[in-house]
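Peer 1: Going down the list, the protein sequences come from chains A and B. Mapping of the first sequence onto the working numbering: residues 1 to 243, in sequence order. Mapping of the second sequence onto the working numbering: residues 1001 to 1152, in sequence order.
Some clues are possibly wrong.
[As the list claims (entries may be wrong)] Cross-link-like lysine-lysine pairs, in silico, DSSO-like; alpha carbons within 27 Å at most: (1) 1085(B) <-> 1101(B); (2) 1070(B) <-> 44(A); (3) 1130(B) <-> 1085(B); (4) 1130(B) <-> 1101(B); (5) 44(A) <-> 1130(B); (6) 1085(B) <-> 1070(B); (7) 190(A) <-> 1070(B); (8) 44(A) <-> 1101(B); (9) 1101(B) <-> 1070(B); (10) 190(A) <-> 44(A).
Hints are computed from structural coordinates only; laboratory data are not their basis.
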Amino acid sequence: MHGYANPARFLRLARLFTAPLLISGLALAGLALAWGLFGAPPEKLQGDSVRILFVHVPTAWLGMGAWSAIAVASLTELVWRHPLAGIAARAIALPGAVFAALCLITGSLWGRPAWGTWWVWDGRLTSMLVLLFLYLAYIALADAANRDGDGGSRIPAIFGLVGAVNIPIIHYSVLWWNSLHQPPSITMGKSEMAPEFLFGLLAATIGFSLIFGGVVLARMRTILADSQAEARLRRRAMEASDE
Amino acid sequence: MSTAIKPKHQRLVLVLVALTALIGAALLAAWALRNQASYFYLPTQMASDPPEQGRAVRLGGMVETGSITKQADGVTIAFVVGDGKARVPVRFRGITPDLFKEGSGVVAEGRIGSDGIFVADNLLAKHDEKYVPREMKDMSEAQARQAVKNTK
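One chain only, chain B, in its complex shape (with noise of 0.2 Å):
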């Protein structure tokens, strides 16, 4: 009898078993996901990808520093969403969230139209992980950079 295995061991190759199937199962299932489980499109992928134009989609990305323009009527903004590799110009009326800034992140709703400008309407602000107390906020950068150092 010393060759039968203990139902215990059997039951605990038996779960092992299982386990490896059902993470398999889960990988394969997020990476055919991968591209539908976004919640929006990158600028680069607006480039190499297009939607269709009029669909309803979302665009993520930064905010340009310096391309947010306020057009005569007072309510409608212009701005670019870049990210380092491809730009798109967007166009939206209304009121922007407390975060939306230059230099950080948006998520713009709408359609892209046929002059190719991302007409939103609505925009939501993305935060990113960085937690910075506001006393630094009027610190130089490098001012900051060494008091975040400093109590490392």
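So here's chain A without its partners, still in its complex pose (with noise of 0.2 Å):
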């Protein structure tokens, strides 16, 4: 794994998959999404809010596993120090929120028609909502120890690791308490869920995890020519200091 840690390597590679993932990406959510809006039939009770579903879950499903990411990332970068890792979990972060931030914006408009409110503070929403904010606070905490300097990942890391209790949480809200959201409809090789919704959803979840895995290598790519550019600033201005 260590063969990654020359930027360069991983920059090579890097720029070889960020347009591929991208237009695969967009193209597959593209279709799914399409399908969602036209051809997947009204569901029995909910009618045409259904569609919503095809946004709604895979956001969720990537809001807590890019989480889930950032904390894979702070374990390497706490134990292997791996040059990359810190970079990579600042690189997910952004995305992240996006897909929280989505997730809850279109529950909160399929549960109007649905539920008949916006919001209640049940286990799974509020929950979901902390992780929002676990975001919004990782990617302060990040941007705050990297303008401090080098060793600065170390802090956001631990904060990353910490935040990742929260992802069981989410998940078993609605099994370990009474809550106003349903219970996940898709478990271990069993699903509640119609063909016609189900496969419509798997192919959007596919998509958005290509366009997240596309956006992560390009703002992976942009905070490393950051640093580099940093660095080159920096020897430039030592160099007319030392004239």
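Fit the two chains together into the complex; they arrive one by one in their own frames, and the hints show the way.
Peer 2: Here's what the structure looks like:
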């Protein structure tokens, strides 16, 4: 794994994969959303508002998955001090926050017709809102730590690991506590969802995941380029003061 | 020096111990919250551990089939919320959400009256985890089950 500690090697691969990931992700997600809007039948009880499912559920999964990735990167940072781990975690945080926010917004839009309310403070909704706040806090903390210079990725990494306890809480909130939000429709090898909805949902999830991968790679390249530019400026300033 | 632990492994053990403690703490907190963090009372909990009269609470369960009756004024409805073990009669005056139907889930916000009837100020429909296309609604139960089985 430390073979990719060399940024040049990582950058070569990242440059190769960014565009294909983004293009295939946009195409697949676009197809899945078009199916969700025009192809899928209305649901028995929800009617047309079921179409929100194709955005809500993938963004919910990716919002949680992105923090899990931050946790893995944080562990790698703390234990193995891999130079790309902190950069990966910082690159993941922003798309993760966007997914969490999209999940909350679409859920709220769905809740109004389905439940009769925009928002309730039940276990699932509250823990998901906490995840969004954790993302915002992580972004602020990682930026501040980065500005402080080298070795500044240790504290965000600890925060990334600690924040991961919220992920199982989100997942189990509908099982541990009575909640207005329904329990999961899709569990290990079982689905309570008719195939018309299930396959569109899986396609949308894969599409969003590909976009997520492309965005993370692009952001990692940006962060690396920024730090290189900064190092060059610092070197030039030192040379100038030497003269 | 062969007995010395590599710093990498030392850090790994340290992080794993910290994580175990953290997960243990989170589980304990979730366990302690198991009653307080619930969004509503089930009818069974309402019967075994009733909230004080007049305190605002939520009641959640299934609207029993055939229990919805409309009062003479046209806007007040009465129905029974059950969970298979206990039943609570509910009265509500107002507009019900679209998904409020007999045989489906509901969360009623209100208070329990002295006559044992739950007076709701607000109704929230609860959607379950099943997603079924509308066309299947008109099939008989057996046909629908067959259709789902065929497409699995």
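Peer 1: Does residue 1130(B) pair with residue 1085(B) here, judged by a C-alpha cut-off of 27 Å?
Peer 2: holds, 23 Å
Peer 1: Within a Cα-Cα threshold of 27 Å, do residue 44(A) and residue 1101(B) meet the stated pairing?
Peer 2: Roughly 12 Å between the alpha carbons, so the hint for residue 44(A) and residue 1101(B) holds.
Peer 1: Quickly compare the C-alpha distance for residue 44(A) and residue 1130(B) to 27 Å and report which way the hint goes.
Peer 2: Roughly 10 Å separates the two Cα atoms, so the pair holds.
Peer 1: Within 27 Å, alpha carbon to alpha carbon, are residue 1101(B) and residue 1070(B)?
Peer 2: holds, 13 Å
Peer 1: Need the status of pair residue 1070(B), residue 44(A): alpha-carbon distance at most 27 Å?
Peer 2: This hinted pair holds, its Cα atoms lying about 24 Å apart.
Peer 1: Would the pair residue 1085(B) and residue 1070(B) pass a check requiring their Cα atoms to be no farther apart than 27 Å?
Peer 2: holds, 25 Å
Peer 1: Verify the proposed pairing of residue 190(A) with residue 1070(B), using a straight-line Cα cut of 27 Å.
Peer 2: Measuring from Cα to Cα gives roughly 40 Å; hence the hint is violated.
Peer 1: Decide if the proposed pair is consistent with the structure: residue 190(A) and residue 44(A), CA atoms, cutoff 27 Å inclusive.
Peer 2: holds, 20 Å
Peer 1: Measure nothing beyond the straight line between the CA atoms of residue 1085(B) and residue 1101(B); if it is 27 Å or shorter, mark the hint as holding.
Peer 2: OK: residue 1085(B) and residue 1101(B) at ~20 Å, within 27 Å.
Peer 1: Does residue 1101(B) sit within 27 Å of residue 1130(B), going by the straight-line distance between their CA atoms?
Peer 2: holds, 15 Å
In summary, the one numbered hint that this structure violates is 7.
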